[in-house]
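Engineer: Residue numbers (our numbering), protein chains in the order written: chain A, 134 to 232; chain B, 140 to 558.
Please note: incorrect hints may appear among the correct ones.
In the DMTMM-like style, the derived pairs of lysine to aspartate or glutamate whose C-alpha atoms are separated by at most 20 Å in a straight line are [stated by the list, open to error]:
| hint | chain 1 | residue 1 | chain 2 | residue 2 |
| --- | --- | --- | --- | --- |
| 1 | A | K219 | A | E188 |
| 2 | B | K494 | A | E188 |
| 3 | B | K206 | B | D355 |
| 4 | B | K354 | B | D528 |
| 5 | A | K183 | B | E348 |
| 6 | B | K206 | B | E364 |
Think of the hints as simulated: they come from the structure by calculation, not from any bench.
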Amino acid sequence: MLLIACPYCGERPEIEFAYGGQAHIARPARPAELDDAAWTEFLYMRDNTKGVHAERWRHSHGCGRFFNALRDTTTDRILATYETGKPRPDLGATRELAP
Amino acid sequence: MSRQRFSALALLRRGLSGHRGWLPQWRKASPQPAYDAVIVGGGGHGLGAAYYLAKEHGLSRVAVLEKGWIGGGNTGRNTTIIRSNYLFAESAALYDHAVKMWEDLSQVLNYNVMFSPRGVMMLAHTVHDVQVSKRHIHANRCNGVDNEWLEPEEARAFCPPLNISDNIRYPVLGAALQRRGGTARHDAVAWGYARAADALGVDIIENCEVTGMLKDASGAIEALETSRGLIRARKVGVSAAGSTSVVMRLAGVRLPLESYPLQALVSEPVKPIFPCVVMSNTIHAYISQSDKGELVIGAGTDAYTSYTQRGALHINTHTLDAICELFPQFRRLRMLRNWGGVVDVTPDRSPLIAKTPVPGLYVNCGWGTGGFKATPGSAHLFAWTMARDEPHPINAPFTIERFRDGYLIDEAAAAAVAH
Chain A
134 MLLIACPYCG ERPEIEFAYG GQAHIARPAR PAELDDAAWT EFLYMRDNTK GVHAERWRHS
194 HGCGRFFNAL RDTTTDRILA TYETGKPRPD LGATRELAP
Chain B
140 MSRQRFSALA LLRRGLSGHR GWLPQWRKAS PQPAYDAVIV GGGGHGLGAA YYLAKEHGLS
200 RVAVLEKGWI GGGNTGRNTT IIRSNYLFAE SAALYDHAVK MWEDLSQVLN YNVMFSPRGV
260 MMLAHTVHDV QVSKRHIHAN RCNGVDNEWL EPEEARAFCP PLNISDNIRY PVLGAALQRR
320 GGTARHDAVA WGYARAADAL GVDIIENCEV TGMLKDASGA IEALETSRGL IRARKVGVSA
380 AGSTSVVMRL AGVRLPLESY PLQALVSEPV KPIFPCVVMS NTIHAYISQS DKGELVIGAG
440 TDAYTSYTQR GALHINTHTL DAICELFPQF RRLRMLRNWG GVVDVTPDRS PLIAKTPVPG
500 LYVNCGWGTG GFKATPGSAH LFAWTMARDE PHPINAPFTI ERFRDGYLID EAAAAAVAH
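Make a model of the complete structure from these sequences and hints.
Structural biologist: Shown next as structure tokens:
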């Protein structure tokens with residue numbers, strides 16, 4: 134079980150959280166102007182990264198808030214968590230943030 | 140190498156001579172510079188596709204490239220359940236094609252895959268379950284797939300260990316039974332296809348990782364860069380399960396896939412006690428008994444994407460909660476081991492057996508948590524698609540473009556769980 138550091142509540146066990154999939158996928162600003170290929174990309178295509186993956190989690194049995202995490206999908210180690218809306222931390226900074 | 144045929148007489152003869160004289164079942168091949176077709180991924184689906192390319196489509200120079208060892212991925216990690224009781228016509232046709240091929244696969248391959256159509260019983264625990272199960276039964280019958288409704292007493296008669304008392308948290312209100320469903324010996328499927336493909340001249344190359352894909356001036360696939368050198372091929376089929384996204388990215392192809400860990404576990408072996416396969420989608424547990432006597436137990440994926448081939452213990456605990464409620468006599472059994480595989484899941488939980496935007500490059504993936512049951516059918520259709528450069532009518536709906544065009548085959552919604 135993962136130990137996940139909610140930016141608002143601190144470290145809590147994984148069972149308090151719901152997974153929210155790949156992070157930083159913005160809803161299109163002008164949906165009416167998208168063609169089918171762009172909609173497909175938005176709705177269905179995911180990076181499925183093998184390595185450091187930016188993803189959403191929700192502390193559903195805690196504060197209820199969404200936040201983002203950087204996790205290495207080859208080890209499941211969580212390298213950083215950060216508030217929704219903040220940019221993805223770069224890897225150099227991430228190493229310093231990691232416990 | 141001369142291929143030894145298996146028969147009762149051969150077994151007796153070897154048995155009397157101390158089981159000496161059995162030959163290796165396939166060659167340890169080294170990569171040749173060029174092939175007519177290359178399959179990336181040496182699981183059951185990939186080995187089977189190579190076999191059918193050689194057997195039914197006359198391709199004489201075929202190779203299977205496997206990064207690890209054959210059958211070491213999801214083929215060797217699943218709970219071996221075989222069934223075809225899917226809701227939609229496209230899925231029923233696809234999975235029933237496979238079930239029909241399972242029925243004589245041991246004879247076709249001259250290798251005992253131990254297919255055992257002992258019946259797959261899917262439990263209903265709520266009024267909604269009952270309605271959905273009956274809808275599935277009617278849809279299956281319209282599509283020529285056997286499926287029948289059992290009242291709780293009938294379900295217990297078919298599976299005596301089942302607890303049908305009404306004082307449990309999710310009482311059994313009935314069950315849908317597919318009698319033609321069952322199990323098979325998962326490793327034997329990989330070995331049987333490997334042996335049969337090898338006998339037709341297919342090179343099975345283990346410890347060979349694909350590291351790059353080269354295209355010609357027209358954009359068509361031309362060669363693979365591998366950890367064992369450059370291999371030329373004008374037809375490449377990727378059948379790499381959880382690693383498919385990673386391999387296809389080498390050719391610049393993005394797919395609607397996410398890779399999740401899926402766990403399973405087995406108990407200590409006991410005498411025959413469990414006559415069939417029981418599944419519960421609602422409280423989320425699958426169980427059958429292997430011929431070795433272990434109870435084989437599985438459930439849903441972990442919550443997050445991962446390539447680690449392991450998962451968290453609370454997923455198994457949740458599964459065992461359900462098993463212990465349905466089968467209270469198993470509460471004192473000890474679990475022997477658990478493990479994980481990486482499964483590639485599509486948004487609609489239906490697979491892709493398809494051409495890709497790159498000419499000569501084909502993909503067979505997205506089998507999610509239920510690919511084993513489809514192994515022979517999937518392999519057969521993928522070989523057809525590669526050999527003819529067009530899909531067989533059965534796999535024609537299972538394209539990548541269905542997500543763009545809105546023709547989803549939404550078994551995810553039909554089952555309401557991973558399956």
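Engineer: Would you mind marking each hint as holding or not holding in the structure?
Structural biologist: Hint check results:
no. : hint            : result
1   : K219/A / E188/A : holds, 13 Å
2   : K494/B / E188/A : violated, 30 Å
3   : K206/B / D355/B : violated, 25 Å
4   : K354/B / D528/B : holds, 17 Å
5   : K183/A / E348/B : holds, 15 Å
6   : K206/B / E364/B : holds, 13 Å
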